[in-house]
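**Student:** Residue numbers (UniProt numbering), protein chains in the order written: chain X, 1 to 338; chain E, 1 to 212.
Since the hints were made in silico from the structure, they are not lab data. Don't take each hint at face value.
What the hints assert, rightly or not - Lysine to aspartate or glutamate pairs mimicking EDC-like chemistry, simulated, CA-CA at most 20 Å apart:
#  : chain 1 : residue 1 : chain 2 : residue 2
1  : E       : Lys-138   : X       : Glu-14
2  : X       : Lys-39    : E       : Glu-41
3  : X       : Lys-26    : X       : Glu-43
4  : E       : Lys-130   : X       : Glu-82
5  : X       : Lys-39    : E       : Asp-53
6  : X       : Lys-26    : E       : Glu-41
7  : E       : Lys-50    : X       : Glu-40
8  : X       : Lys-290   : X       : Asp-253
9  : X       : Lys-280   : X       : Asp-233
10 : X       : Lys-179   : X       : Asp-55
11 : E       : Lys-130   : X       : Glu-85
12 : X       : Lys-39    : E       : Asp-37
13 : X       : Lys-280   : X       : Asp-253
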Amino acid sequence: MNSFSYIRAADPAEAVSQLAQQSNGKFVAGGTNLFDLMKENIEQPPYVIDINRLDLARIEPLPQGGLRLGALVTNADTAWNELVEQNYPLLSKAILAGASPQLRNMATNGGNPLQRTRCYYFYDHATPCNKREPGTGCSALNGFNRIHAILGTSEHCIATHPSDMCVALRALGARVNIKGVNGERTIDFADLHRLPGDAPHLDNNLEHGDLITSIDLPEKQFKTNVAYLKLRDRQSYAFALVSVAVALEMNGDQILEARVALGGVAHKPWRDEAAEEQLKGQPATADHFKAFADTVLSGAIGYGHNTFKIELAKRAIVRALTTAAAQSVEEPSSQPLV
Amino acid sequence: MKNSVQNLQLPESIPVSLNVNGQQHNLSLQPWVSLLDTLREHLHLTGTKKGCDHGQCGACTVLVDGKRINSCLTMAVMKEGSEIVTIEGIAHGDTLHPLQQAFIEHDAFQCGYCTPGQICSAIGLMNEGKANTLDDVKELMSGNICRCGAYTHINEAIMQVKEQEAEAAILLKNTEASGLHEVSERDETSVPGAPAREAELVTEAEGGASHE
Ligand SMILES: Cc1cc2nc3c(=O)[nH]c(=O)nc-3n(C[C@H](O)[C@H](O)[C@H](O)COP(=O)(O)OP(=O)(O)OC[C@H]3O[C@@H](n4cnc5c(N)ncnc54)[C@H](O)[C@@H]3O)c2cc1C
Ligand code: SF4
Ligand code: FES
Ligand code: FES
Chain X
1 MNSFSYIRAA
11 DPAEAVSQLA
21 QQSNGKFVAG
31 GTNLFDLMKE
41 NIEQPPYVID
51 INRLDLARIE
61 PLPQGGLRLG
71 ALVTNADTAW
81 NELVEQNYPL
91 LSKAILAGAS
101 PQLRNMATNG
111 GNPLQRTRCY
121 YFYDHATPCN
131 KREPGTGCSA
141 LNGFNRIHAI
151 LGTSEHCIAT
161 HPSDMCVALR
171 ALGARVNIKG
181 VNGERTIDFA
191 DLHRLPGDAP
201 HLDNNLEHGD
211 LITSIDLPEK
221 QFKTNVAYLK
231 LRDRQSYAFA
241 LVSVAVALEM
251 NGDQILEARV
261 ALGGVAHKPW
271 RDEAAEEQLK
281 GQPATADHFK
291 AFADTVLSGA
301 IGYGHNTFKI
311 ELAKRAIVRA
321 LTTAAAQSVE
331 EPSSQPLV
Chain E
1 MKNSVQNLQL
11 PESIPVSLNV
21 NGQQHNLSLQ
31 PWVSLLDTLR
41 EHLHLTGTKK
51 GCDHGQCGAC
61 TVLVDGKRIN
71 SCLTMAVMKE
81 GSEIVTIEGI
91 AHGDTLHPLQ
101 QAFIEHDAFQ
111 CGYCTPGQIC
121 SAIGLMNEGK
131 ANTLDDVKEL
141 MSGNICRCGA
151 YTHINEAIMQ
161 VKEQEAEAAI
171 LLKNTEASGL
181 HEVSERDETS
191 VPGAPAREAE
201 LVTEAEGGAS
211 HE
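Starting from the given sequences, assemble the full structure and let the hints guide the process.
**Tutor:** This is the structure in structure tokens:
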């Protein structure tokens, strides 16, 4: 790890102005991704600005409905927050399917969306990687790419975004509150992350100096017909090969609204709103789910070792939709759906 | 502690005060020293182990303000003012913590390298109060890898302590309900993260010595 100067910010304005002054500086929240990458010399910030003393560690209902999740609330406290468990159980399930209890006690709501890919070549200095060193090439394209993306890829990068929490936030239609050098703004969660295109070194659409202050969950709650299905090489404490977050609004057996987001398949949590229209007004049957899954994966490309993910994702979508549709009143549980 | 950027051309040591196992330590540390290295190399508390140094194994698990975390992925400066409990701080004198005792009784380790992390993690799990079944315990202990594969015995040890605590809680409730209120001796030295004294049902280690 490189040596660095440590700055403890007292409030959001100070944090933003400190970072704006240090073009290579980094915020640290839980530290679980930043320090991991610093130990590998992937990140080498000369300045680390500790934002843990900022007053952003609360979860509070919004006056117009919805729930504000402070950027510094830990993933564990978010998953086990009573209001989240009751009104947005999909988010609890997704968070609890990720990492480990210790890591969730450290990881924060602001840090989780900004964690970087787990592509092995990104971590390996000995190999070319456009994300780590723009212009050097992508070793995964023709390399061992079992964990890589099948949707929204480019010839420059086929990395995935590894978060579970973000898949649920995408399905729920969260919004991200940001404080930047030029003031405050709010963006749709869908617009936080980007596809690799020809600039895979950029994971997201934030500017240097931007501080995520909170994430808002919308007024619309999905309390019952939800499911988070995570498929991985070991049953717990492993990143997703494919994950599916489903939130349904049902009237008896009929689907009024369907939200389906995928993790582990793209550079950002993947959602196909146009395809979701296909399920509207339909009965919750396997045939409809299969047709929907085919539509969502119609543009998927396999790169060899990860080609199995196309069929896996289709089956996962069908299973998660079936589970969500069959859900009646939920018991909160620490068990992620496997 | 507000540093102005101009003063920070050369990374310097920063005063850090930590309460570790009930004892106050005023240290001067460079910012890149992990909490794990602080405990092991600066405070010589080598019970906490370094397995992977990347958050992937749980050997470095300690309790910070009652919550279990991976001490390898946090810098000590970030924990200024925190109360930290390590494996060295959970016994009461010669009386083992119920989980330590249960690990011995259940033969819940082979090489023992993961054990301090397993036990601290299990204390964190008890504090969280979310594990009700064996399956819950398995899932919520998944952040601790055991290279020797002692999982079955580890889970049994934790389940036993959970059951002991549930029984002790019922006993305490009944005692209170019957009006025979015993004065519970809450140990002044009790550390955050350790279960309340009245919940302990510790008997002297019998077969324990053979494991040491
Ligand atoms: C072994 C291991 C297994 C894991 N498994 C999973 C898993 O299965 N699923 C999963 O989803 N995740 C998993 N994770 C990743 C973990 O969830 C993330 O590391 C964590 O959520 C990052 O949050 P943090 O607060 O620790 O971020 P940090 O490491 O502190 O920061 C990450 C990045 O975000 C920036 N940042 C942090 N907060 C803010 C803010 N408020 N505003 C602007 N920028 C900010 C930092 O500058 C940094 O660039 C795993 C991690 C490890 C080490
Ligand atoms: S997939 Fe992306 S992160 Fe991985 S080697 Fe290629 S460019 Fe780098
Ligand atoms: S040493 Fe910290 S998790 Fe392995
Ligand atoms: S007892 Fe050897 S690693 Fe767990």
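**Student:** Could you run down the list of hints and mark each one as holding or not?
**Tutor:** Hints, verified against the model:
no.	hint	in the structure
1	E/Lys-138 to X/Glu-14	43 Å, violated
2	X/Lys-39 to E/Glu-41	18 Å, holds
3	X/Lys-26 to X/Glu-43	9 Å, holds
4	E/Lys-130 to X/Glu-82	13 Å, holds
5	X/Lys-39 to E/Asp-53	9 Å, holds
6	X/Lys-26 to E/Glu-41	27 Å, violated
7	E/Lys-50 to X/Glu-40	16 Å, holds
8	X/Lys-290 to X/Asp-253	17 Å, holds
9	X/Lys-280 to X/Asp-233	34 Å, violated
10	X/Lys-179 to X/Asp-55	14 Å, holds
11	E/Lys-130 to X/Glu-85	13 Å, holds
12	X/Lys-39 to E/Asp-37	13 Å, holds
13	X/Lys-280 to X/Asp-253	12 Å, holds
In summary, the structure is inconsistent with hints 1, 6 and 9 from the numbered list given earlier, while agreeing with the others.
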